[in-house]
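Take 16 as the starting number for the sequence shown in this note's numbering and just add one per residue.
Because the hints were derived from the structure by calculation, they are not lab data.
It is possible that part of the hints are untrue.
[Said to hold, decoys possible] With a Cα cut of at most 20 Å, we get these calculated EDC-like pairs of lysine to aspartate or glutamate:
1) K156 to D143
2) K165 to E117
3) K115 to D143
4) K115 to E36
All figures in this text were calculated on a predicted structure; none of them were measured in a lab.
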Amino acid sequence: MFAQFLLNLFLALLWLLLVDEPVPQLTTFFTGFVVGIGILYIMHRFFGTQFYLRKVMKILYLILLFIRELLSSSYMVIKQVLTPNLQITPGIFTYKTSLKGEWEVTALALLLTLTPGSVVMEVSESGDVFYIHAMDLEESKESIIRSMGKFEKAILEVADR
Numbered sequence: 016m017f018a019q020f021l022l023n024l025f026l027a028l029l030w031l032l033l034v035d036e037p038v039p040q041l042t043t044f045f046t047g048f049v050v051g052i053g054i055l056y057i058m059h060r061f062f063g064t065q066f067y068l069r070k071v072m073k074i075l076y077l078i079l080l081f082i083r084e085l086l087s088s089s090y091m092v093i094k095q096v097l098t099p100n101l102q103i104t105p106g107i108f109t110y111k112t113s114l115k116g117e118w119e120v121t122a123l124a125l126l127l128t129l130t131p132g133s134v135v136m137e138v139s140e141s142g143d144v145f146y147i148h149a150m151d152l153e154e155s156k157e158s159i160i161r162s163m164g165k166f167e168k169a170i171l172e173v174a175d176r
């Protein structure tokens with residue numbers, strides 16, 4: 016993936032140098048980058064790897080998914096905190112994941128910890144069970160499990176498994 020990106024930058028630079036302009040323009044470089052994307056897409060099967068923009072799009076999807084979950088969980092926490100009588104029941108539950116790699120499990124734990132209202136307290140020795148503390152177990156457990164499922168699916172797509 017990184018080699019394709021470097022090759023795309025090289026093609027854009029080559030385009031910039033071959034277009035005869037007195038002063039190099041950023042728009043010319045960008046045009047060369049887009050032309051390089053087209054060339055690399057046509058030739059990516061010869062590299063033996065997946066086209067690099069597919070993985071970039073999957074990473075962008077994961078980031079946008081995190082932002083959406085962050086906003087929705089922040090709204091839920093704000094709503095719970097601003098109620099006159101705080102009616103929450105904090106608790107701990109477990110979640111079994113199908114992720115195997117160290118970075119995958121770490122990414123899932125960090126994404127969940129960064130969303131308000133939940134914290135990954137511990138990961139089992141085998142790395143497949145999370146112990147999660149939820150601010151309001153009755154109300155937020157289902158949304159946390161739903162969020163973890165979405166995160167898990169997006170991480171698996173980024174990891175190409």
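Evaluation of the provided hints:
1. K156 to D143: holds, 18 Å
2. K165 to E117: holds, 18 Å
3. K115 to D143: Holds: K115 and D143 sit about 7 Å apart, inside 20 Å.
4. K115 to E36: Outside the cut-off at roughly 52 Å; violated.
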